[in-house]
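There are 4 protein chains.
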Amino acid sequence: MWKEEDNKLKGTFKFDTFIEAFSFMTEVAMTAEKMNHHPDWRNVYNTVEINLSTHDAGNMVTSKDRQLAQRIEASYNRCRNVI
Amino acid sequence: MWKEEDNKLKGTFKFDTFIEAFSFMTEVAMTAEKMNHHPDWRNVYNTVEINLSTHDAGNMVTSKDRQLAQRIEASYNRCRNVI
Amino acid sequence: MWKEEDNKLKGTFKFDTFIEAFSFMTEVAMTAEKMNHHPDWRNVYNTVEINLSTHDAGNMVTSKDRQLAQRIEASYNRCRNVI
Amino acid sequence: MWKEEDNKLKGTFKFDTFIEAFSFMTEVAMTAEKMNHHPDWRNVYNTVEINLSTHDAGNMVTSKDRQLAQRIEASYNRCRNVI
Chain A
1 MWKEEDNKLK GTFKFDTFIE AFSFMTEVAM TAEKMNHHPD WRNVYNTVEI
51 NLSTHDAGNM VTSKDRQLAQ RIEASYNRCR NVI
Chain B
101 MWKEEDNKLK GTFKFDTFIE AFSFMTEVAM TAEKMNHHPD WRNVYNTVEI
151 NLSTHDAGNM VTSKDRQLAQ RIEASYNRCR NVI
Chain C
201 MWKEEDNKLK GTFKFDTFIE AFSFMTEVAM TAEKMNHHPD WRNVYNTVEI
251 NLSTHDAGNM VTSKDRQLAQ RIEASYNRCR NVI
Chain D
301 MWKEEDNKLK GTFKFDTFIE AFSFMTEVAM TAEKMNHHPD WRNVYNTVEI
351 NLSTHDAGNM VTSKDRQLAQ RIEASYNRCR NVI
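Chains as they are written, first to last, in the working numbering: chain A, 1 to 83; chain B, 101 to 183; chain C, 201 to 283; chain D, 301 to 383.
One thing to keep in mind: the hints can contain errors.
Here are the simulated SDA-like pairs of lysine to any residue, each with C-alpha atoms no more than 25 angstroms apart in a straight line [said to hold, decoys possible]:
| id | chain 1 | residue 1 | chain 2 | residue 2 |
| --- | --- | --- | --- | --- |
| 1 | B | K164 | A | E20 |
| 2 | C | K208 | C | H238 |
| 3 | A | K64 | D | T347 |
| 4 | C | K208 | B | F118 |
| 5 | C | K214 | C | G258 |
| 6 | B | K114 | B | A157 |
| 7 | A | K3 | D | M335 |
| 8 | A | K14 | D | R380 |
| 9 | C | K208 | B | K164 |
| 10 | B | K114 | A | R80 |
| 11 | D | K334 | A | E20 |
Treat the hints as calculated values from the structure; they're not laboratory data.
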């Protein structure tokens, strides 16, 4: 689900609708704020692209990024429609 | 999941965490705003209580309430942790 | 803005629209989750009623409630339409 | 606040905190969903970059984009801290 590239953890998350995508974003936003570690993310309709790196560590991937990535993945797996 | 009582559709939705409950609320809020039909709802930590009735129909249960109830239930079923 | 009654801090917050009310709720939800101290709250259309007390202190009003109340008030004052 | 460039309306919106930025995003998301016209947007901490164009019109700027831009601007002006 994640790949490490250009000193970032990158993930792309797809949903059926904008509403589902934005509810996922709300869950991620609350998790990120609680960790005080925030994503660089982009949304277009049903797709959310997330890049994680640690500003205070010279924009490298650190354990904080891996921890947030894991939680984002858990949120995604909880709510996606499995066929 | 819903019961009709006192001219309202009433449902109670439980989650593991406040974050999950509020993400569900975000999904419901967007759906409700799009339908221009809004719930009377209460949240305490991981629990969301929703009452639906139609103000413009003298606070009775109408097809708008049944439609919103159905969509709320779909959102809930999509994301809950099934054991 | 707040009154203390029945061992709770109670406040009612009015907005022009449901969208504005729910954006305020998002701000409150993120603040509450970060403090790990959550409200008992109800929303109907453009109105948000919030009750604060501390479960772990036997449902009394504590300094955690006063702190959350102050932050909620700051969020409300930041965004309300002043005439 | 907006500039037209590369067949897009582009705006950048700054806030004091991530919580304030994401509450603004919630307001924009609900407005966009109601209009059934969605932004291409990116968030990093307290900054939200929004690009608007109309997919169904060959990714050109249309009146739908101008209407959404105006509403986004109204949301921003309502809640920003004026010094």
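Which numbered conditions among the earlier hints are violated in the structure presented, ordered from lowest to highest?
-> Hints 5, 6, 7, 8 and 9 are the ones this structure does not satisfy, whereas the remaining hints hold.
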